[in-house]
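**Q** Based on the provided sequences and hints, a complete structural model is requested.
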Amino acid sequence: MTMEPITVAIIDDQPFIRHGLRYIINAQEDMRVVGEAGNGREAVELAASTYPQVLLMDVQMPEYSGIEATRDILSMWPDSKVVILTTFDTEEYVYGGIRAGAVGYLLKDAAPNELIDAIQAAHRGEAIFRTTMAAKVIAHALNDVITPENKDNPHVHLVDSFTERELEVLQQMAYGLRNEEIANQLHIGESTVKTHVHRILQKFGVQDRTQAVVYAIRNRIVQ
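For reference, each letter of the sequence shown is one residue, going 0 to 222 in numbering that gives the first Met the number 0.
Among the clues, some could well be false.
[Said to hold, decoys possible] Distance windows between CB atoms, simulated: (1) I23 / M2: 14 to 24 Å; (2) E62 / H186: 50 to 60 Å; (3) E44 / Y22: 19 to 29 Å.
Hints in this document: simulated from the structure, not taken from any laboratory. For clarity, every value in this text was computed on a predicted model and none was experimentally measured. The C-beta atom is built at its ideal place from N, Cα and C for all residues, glycine as well.
**A** What follows is the structure, given as structure tokens:
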């Protein structure tokens with residue numbers, strides 16, 4: 000049985016960038032480009048007319064930014080997946096993209112195979128943030144789990160269900176440590192770490208480690 004290709008939209012204000020991305024994507028058997036836009040407002044209109052499954056979204060564009068477009072598109076079509084694709088590896092844009100609902104953040108100098116992997120991962124609902132700043136943002140996101148600024152957030156009550164050890168494991172997950180490394184860091188057994196990780200993912204209702212941290216950032220459980 001032949002699977003339907005992943006439908007992709009490209010949003011970038013530079014035509015030659017769009018052309019290059021379109022060439023790479025349409026060369027794949029399992030995906031196809033269904034439309035292009037040159038700014039955020041056009042992106043919203045494109046989403047309304049083509050309903051792409053994955054959108055590659057630039058950040059800095061005339062009239063309407065990619066962050067604004069991401070927020071608007073996902074508020075209307077929450078099943079769509081947005082991957083931020085930009086030249087700017089900044090904390091502001093990483094946080095902005097996550098909080099707007101993007102499931103990925105890549106730089107434009109990423110290798111073609113990384114781009115394809117990101118589109119496939121986004122389509123599966125996985126979070127993929129592979130830039131230097133994104134790694135730093137996620138790694139340090141859990142330093143202050145509850146702050147005066149977010150204490151009234153309705154999602155924060157989730158933290159009350161976490162044990163102190165689970166929060167420690169969550170912090171180490173954010174640093175990118177594997178189970179064995181977390182076990183060594185916290186001086187506990189690896190099987191115990193696996194149990195904590197499983198419970199953390201269950202409580203957040205997510206499927207992988209990055210999604211757990213992204214959920215915490217997106218819902219302002221952390222700064």
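**Q** Within 14 to 24 Å: is that where the Cβ-Cβ distance between I23 and M2 falls?
**A** holds, 19 Å
**Q** I want to verify a distance hint. Is the separation of the beta carbons of E62 and H186 within 50 to 60 Å?
**A** Holds, at about 54 Å.
**Q** Has the hinted range 19 to 29 Å been met by the Cβ atoms of E44 and Y22?
**A** holds, 24 Å
Checked against the numbered hints above, the structure breaks none of them.
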